[in-house]
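Spelled out from the first residue to the last, the chains are:
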Amino acid sequence: MTNRRNILKGVAAAGALGTFGAGYAETVQKLAKGKWSGKKPRDEHVVGNSIPAEFTIDPETGDVTLNPDQAMSYTMCIGCTTMCGVRVRVDKKANKVLRVAGNPYSPMSTDPFIPYESSVAESFAAMAQAGPGQGLTRRSTACGRGNAVLEQVDNPRRVLKPLKRVGPRGSGKWETISFEQLVEEVVEGGDLFGEGSVAGLREIRDLETPAVEGAPEFGPRANRLVWMNCVDDGRDNFVLRWLKQSFGSNNFTRHGSYCGGAYRSGSGAMFGDFKAMPHAKPDFSNAEFIIFAGTAPGNAGNPFKRIGNLVAKARSDGNLNYVVVDPVLNNAQNGPSGERARWVPIKPGTDGAMAMAMIRWMFENERFNATYLANPSKAAADATGETSWSNATHLVITDQDHPRYGHCLRGSDMGLTIEGEAYSDADPYMVISETGPVAAGASPAPLFHAGEAETPNGAVNIKTALTLLREEAMSREMSDYAEDCGIPIEKLVELAREFTSHGRKAAVSSHGGMMNGSGFYNAYALMMLNTLIGNLNWKGGTMIAGGGFSETKGPAYDLVNFPGKVKAKGLPFGRNVPYEKTTEFKTKKAAGAPYPADAPWYPNAPGLATEWMSSLVNGYPYGAEALIFRNTNPIYGIPGVAHLLDKLKDPAVVPLIISIDPFINESTAISDYIVPDSVMYETWGFTKPWGGVATKATCARWPVIEPKMAQNAEGQRVGLETFLIGVAKRMGLPGFGDEAIPDAQGKLHPLNRAEDWYLRGAVNVAMTGEPVSDATDEDIELSNVARILDDMKATLKPEEWRKAATIFAKGGRYENIERSYQGDKATYAFNPPMLVWNEGLGSFRRATTGTHLPGTPAWRAPEFSDGSKVHDHYPREDWPVQVVSFKSPLQNSYSVGAKSLLRIVASNPVNVGRDLAQAHGIKTGDMVRLTTPGGTLESVAVVRDGVAPDTVAIEHGFGHRGFGAQDITIDGTTMPADPRLAAGVLLNDLGMLDPTRGKAGVWVDPVSGTAVRHGLPARIERI
Amino acid sequence: MDTTRRGFLGAIGQVTIGAAASVAGASQSAEAAEESHVPHWGMVVDLRKCIGCQACTVACIMENAVPEDAFRTHVSVYELVKDGQDPAMVMLPRLCNHCDDPPCLPVCPVEATFKAENGEVLVDASKCVGCAYCVQACPYDARFINHETQVADKCTFCFHRTQHGLLPACVETCVGGARNFGDLNDPDSEVSIMLRENEVSVLRPEMHTNPNVYYIGLDDVLDGRVAGDSAYHPEMTGQAHAHGEGL
Amino acid sequence: METQVQELVGAVHDAAWQPWAVQYFFLIAISVTALLMALPAFVFGRHTDLRAARLALMVAVTTGITAPIALLADLHQPFRFWEFFVYTHKSSWMAWGAWIVPSYVVLMLLFAWSLHRPEFYRMGQDDWRFAWLFRLFSLGGAANGFARPLGMLAGVAALGILTYTGMEVMVVRARPLWNTPFLPLQFAATGVVGALGVMLVLERLLNRDAGLEATINRRLAIALATVGALGVAWFAVALSGISPVHSEALASVAGFSVWKQIALWGAASIAIPFVLALTLPQSTGWITGLIAIHAAWMFRWTVFMGGQAVPKVGSGLYDALMPSGLGGLMGVIGTFGLWVFLMIVYTTFLPWTDATPPASGQSFGQTQSKPARTQEI
Ligand SMILES: Nc1nc2c(c(=O)[nH]1)N[C@H]1C(S)=C(S)[C@@H](COP(=O)(O)OP(=O)(O)OC[C@H]3O[C@@H](n4cnc5c(=O)[nH]c(N)nc54)[C@H](O)[C@@H]3O)O[C@H]1N2
Ligand SMILES: Nc1nc2c(c(=O)[nH]1)N[C@H]1C(S)=C(S)[C@@H](COP(=O)(O)OP(=O)(O)OC[C@H]3O[C@@H](n4cnc5c(=O)[nH]c(N)nc54)[C@H](O)[C@@H]3O)O[C@H]1N2
Ligand code: SF4
Ligand code: SF4
Ligand code: SF4
Ligand code: SF4
Ligand code: SF4
Ligand SMILES: [Mo]
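Protein chains in written order, with the UniProt record's numbering: chain A, 1 to 1023; chain B, 1 to 247; chain C, 1 to 377.
Derived from the structure by calculation, the hints contain no laboratory data.
It is possible that some hints are incorrect.
The calculated lysine-lysine pairs, modelled on BS3-like cross-linking and capped at a C-alpha distance of 25 Å, are [unchecked claim]:
no.	chain 1	residue 1	chain 2	residue 2
1	A	LYS923	A	LYS92
2	A	LYS244	A	LYS581
3	A	LYS923	B	LYS82
4	A	LYS35	B	LYS82
5	A	LYS39	B	LYS127
6	B	LYS127	C	LYS90
Fair warning: this is a prediction, and the values are worked out from it, not measured in the lab.
Work out the full structure: start from the sequences and follow the hints.
Structure (structure tokens):
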């Protein structure tokens, strides 16, 4: 059998057998493994690898027996800016968070939340099936993201050691350095990167030399350290102490100007405060009709879960009917709720047209609350049983060339003798009477009037605020408004009629959808609808948040003041002050042409991170020497910022960039140093809800697991606080070290580590007002506050630590739900007047044009900074499509690393409306190219009916370049890019520069200076 | 529990199932009162309250270590345009129905799948041969082979939690309050009350599986296989293992 | 306008029955139908058909050994196969299958052995290197009178296989494509097609006899006609709406272009070999054989993988139609590897051309002159 054929056969046989072996290797392996061919699960019978129950609750007695291997602690989620109180379940041995649920004490996670007096054991029972209400009534939740973000703790791409860049900025190459080297280098500066000398923080902290030679208004050179922050995650007070009171820089900003700043400013215009920008939220549970225009309850919104929960309940079990006015249909609407939850498509950026149409109709049909609006003062409001009031009846000076144009007529203008200074609070506002202007008193005043007033300085034209609003509203026909916003007249009328058919149990709510080119006025107009029916502070109407308990200013410790504190001063880096205060203005005025300024100024706005990007790259109003990014990601979040990136990466432009962050996101990626920071459950902080909660609520966060960051030489975990303390000590800054925190008796306590600050903060929270009761031993054990008990005892006074322990055991301090209302009125009422005419707004001049803008709500098509219309630059014929952004219900801007989310939704195709798709031959699954004047992107299309005509909508949270979407090399070892982290597209890549700006800057709303992410002019094509 | 009665009434179709459930609930309770009480777990999903947040989906993954390529529960999200009406969103939570007549059970060759005392349909993992016959037989795609343990896997109604008096993970964390869980044998339980007071339906009533998961507000175009394009799934979701690898 | 639905978030379900399962159902159907085709000659004495029957027997044995191994591989816990015999869940067709499969394999092997026994014995008597082995094979005797009852029993087991495999899949109501009474018949008919296809290819490789080729080709034509008729009937019933399960089965895939292609492809895979086998039976064995194998395989692939690509509650189609990843593909190829190996062994070592029915008049001396070991192939 050895002939050739047989050899061939033998070979064939061997080959065949080999193939068989390869195909069945797995089977053989499995066979070899025996009874468990896979990984044997923990429980080999029915529950597999499910985590053992956290405790047992006896159905008869309700007694709770803990699982000794697990800790249950109340702390905070930072899976998004909502910052909910949650309960985390920790595997004690593995120092690992296993799962997250809500905190039933917290209104952010539970409704109705349990009384604060409930023991921790009772709080456990509240959420258990065998507990009261079968656990359903008091169930406490984390959202999809909140359930997943525990994975961020163990994210393999987390930064755990201080990093220093190797090679150019943004090259993705790093080396690890010690904490001590980090502090030394950033403080002392020098030739840090072999690119020339870099000024260190010590040199920059010069409180004498002006930041700008010859322009003292900008304060000292110390201001050239500028700090960009995300939202207050509960640690901002620590940062502000370091930055402002200690280092002496005045330049701190948060992300508001690319979050929902336009809405907040528009709301601030009505609430009369452009800096704090108060905003009210509907009383979701008791309102009968809500118009959500530019906010998507249950899809996003803050507080995300609370709004989602309350709206879901109200539309099912309660009396709520609502309309979501939105260019894109998303989870805010709910089909099974039928007519109770409706969607009204709107053209992007045109809410002002819709709102002004409704206002017009309300004027025409006298459907506004005249009685409410007629109260010209708090006293008048009190007298008529109102809980708020407005300046509808106040008289406004309307002569264009009057020096007080746009201001309200005051007693001093009329020559009345007043007690205080002119135009101070003591100077009365004037209303009209049969005898002419009189000081607003305790009785109602006429709503409408236009005429002349005789003043000591001559006659002046005056109108009531409401008259100005009516004129503005009547300046366009309903048909024009309808055409502009794409909502038919009948629908506009229907909306207005329904809105005015529920007394005060109706409300308008908004937020992110205002981030368009007309956003500020759109928001102001929407909010004015609330004032026209007088719903503020009423049950079923709108309400301001109850606020929280301050950790910094409390009865026990003063965490703000300390010996040697400095006062930061100088006009802010973001130009959110009147241009007229600058030397530039004075110089130009002297030269005869005060306007335009070199770049826009925004006196009616808060700190503007968006404008900072322009300031940074242009060095206007001055150059920054050092920039700190803390937990923020403007390079991902700001539309169009990519156009500024190259300059920002140039060390000659901003010589030192330091990031404090647990991740290498798109912004930290371009920094020189990264200071590792703690992730949620490892960290301290106190936050309050940013809205939507009628009672006082402070959420406390504490390290329920040992943080993962490397330790410094003293054995402390590196992080924000360690870094700032380290720098402060090396520089000898005041306010840190052994004698830094005064108690009520003035005795000074140390601030050497984070605990020194936050534990004392907890005492303040606990002792404010009626102090909380002491934590019992059982509370401490059940909540595992035992973990930090020794620290508490060592740091705090004997009478304090059990109070602080209560704060951590219950995850914060929460006023009971019964405090929400006093009868029909909100307990925490907002008292200053609603401004139907905002003087600050009505009187300022745009720095770039020298012109005025209306002081009432108005509808204006978007403009660039020189006052030219956007559609004149980018006409509809060439740019027929508009792109908008909407939040992902699942992702937020930084959750992409929580891998459980990507398995549910792995990417974000672009949403194209059916007609538009048909016109371009686009079908679901096709690739399309979107082009705007700012950029282009390619993506898969999903064709839907739920998109407004000529609109393309992109879900936010994908299209990353940071977080591991690109290679990261540390100490020569490369962690390869994971394509899943890069999945999808980012609308901001389509963002535009304002072509009329001499100094490059992204397109922003002209008043609020906020980023434009909705309504980008675009073209679409199938590829 | 009177499964035949439920079966019969269930077969009539979804409009009458609400009544059916309440009739059944009442009769069950009468019977149940006599003997010592044995709970029969059920879930009532109020679709009007679901916001599609997927908290349930993720909670289940975390609680039950569901491997990366599978779900014990998830929430389908649809855009629905009905004849001449405005488009509307429907979020539809899906999980094992713990059927009283579970097609997955009789096919199991080795009796690894069984119905537990409180109505849960469970798999004894130490017995399961991984033949996946049950996966084929379940009309709801509620089962899968767990590629870590190599046995059939599915929702257990969080057996390991209910045994300790806790709620299932997905119910505890349900943000909208859509998922409700409790004892169908107890006429006073929240779920029994919901069944009495609402018109409810089940998925795929034509399969006569007698589910213990009921829906409030379920549109019949969604109660079976849903016509229309499937959601966009980019290619790379398959490479589950690259995620999280690296340094 | 009717209701329009766009799924925005949805889960994808992997196929739980992997390509190994396809291989099992493919091979076992070939084995049992081949065995049944071998019976007339070997059991009922139709001598004229002996050469085809030998091919059939060889096919039955080789695929019959390969198939259960594929089945084992599709178990995710293969080591627990013994549980099938410890717990028999009476309501499960698979549980019954667990008894039927080994019965069939054992009976089929015994039957084949008994047919070869006389020649084994003879070869054991010769003086050559492997004689001892054949002495062992023959168990020290040449009698094979029991071949006939064994063959009948194996035939019954084969019918059992056809019944259980058909029913196991058919009873799955959750998969409309599977849940039609046609399915067991289609499995059987396509099994015959597959078996004849393999026989044709083997004929071309081993016998190269135009007469035999034509015989098998003609039978193939009949089998293909049956498959075609079943297919047409399936469509007719489904379209007529008399049987809701059929209509549902059709509806579950209608409207997807990939399924239209599959249907056309399937029709071509039946029609082309049918026409060729009918018109040119003497020269198309290779091509008709290969297409027939392909048709039988594709039918199962489509039913199993395609069936699993149809969501039970979701929208669109899942991605099961293409073998996912190297693992699945290797499973398919590996199974064929084993079969090819067995074929080589069989044709090399076994006196397959001498398999004879236990005719009463046969004695040792009457065995054919050419010993198998020098058989030219
Ligand atoms: N799930 C989830 N929740 C979140 C977050 C998250 O990332 N994900 N982030 C949190 C943060 S930081 C914030 S600020 C809030 C924001 O919460 P929201 O304000 O509710 O969310 P956005 O998606 O920014 O905008 C709301 C809606 O405005 C729509 N829109 C766009 N242009 C226009 C327009 O011109 N007019 C109208 N009427 N609508 C328009 C968008 O389509 C979108 O649906 O959500 C918080 N909660
Ligand atoms: N196109 C488009 N653009 C948008 C939006 C949109 O809807 N569409 N939304 C806008 C809105 S509303 C906002 S608020 C902004 C957000 O923009 P930013 O506030 O600038 O960005 P975030 O990603 O929220 O930044 C927070 C950073 O903190 C870090 N981080 C994450 N978790 C933790 C933690 O646990 N601890 C610590 N210490 N750090 C952590 C991460 O690196 C993360 O990037 O984006 C805006 N940009
Ligand atoms: S809404 Fe969700 S992600 Fe955001 S903080 Fe709350 S639980 Fe975390
Ligand atoms: S839903 Fe499926 S897996 Fe669950 S019991 Fe019913 S048939 Fe079985
Ligand atoms: S996979 Fe396991 S549980 Fe399912 S039928 Fe097979 S043996 Fe039974
Ligand atoms: S009951 Fe438990 S196992 Fe079932 S879906 Fe909910 S969390 Fe998952
Ligand atoms: S957790 Fe509740 S509200 Fe959220 S998707 Fe699941 S069922 Fe719906
Ligand atoms: Mo935001």
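Hint by hint, here is what the structure shows:
1. Note on LYS923/A and LYS92/A: the hinted pairing is violated, with a Cα-Cα distance of about 52 Å set against a maximum of 25 Å.
2. A hinted pair counts as satisfied when its Cα atoms are at most 25 Å apart, and LYS244/A with LYS581/A qualifies at roughly 22 Å.
3. Pair hint LYS923/A plus LYS82/B holds up; C-alpha atoms about 20 Å apart against a cutoff of 25 Å.
4. Between LYS35/A and LYS82/B, the direct Cα distance comes to roughly 52 Å. Violation of the 25 Å bound is thereby established for this hinted pair.
5. Distance check on the hinted pair: LYS39/A and LYS127/B sit about 14 Å apart at the alpha-carbon level, within 25 Å; holds.
6. For the suggested pair LYS127/B and LYS90/C, the alpha carbons sit about 16 Å apart, so the restraint of at most 25 Å is met.
Of the numbered hints given earlier, the model fails hints 1 and 4; all others are met.
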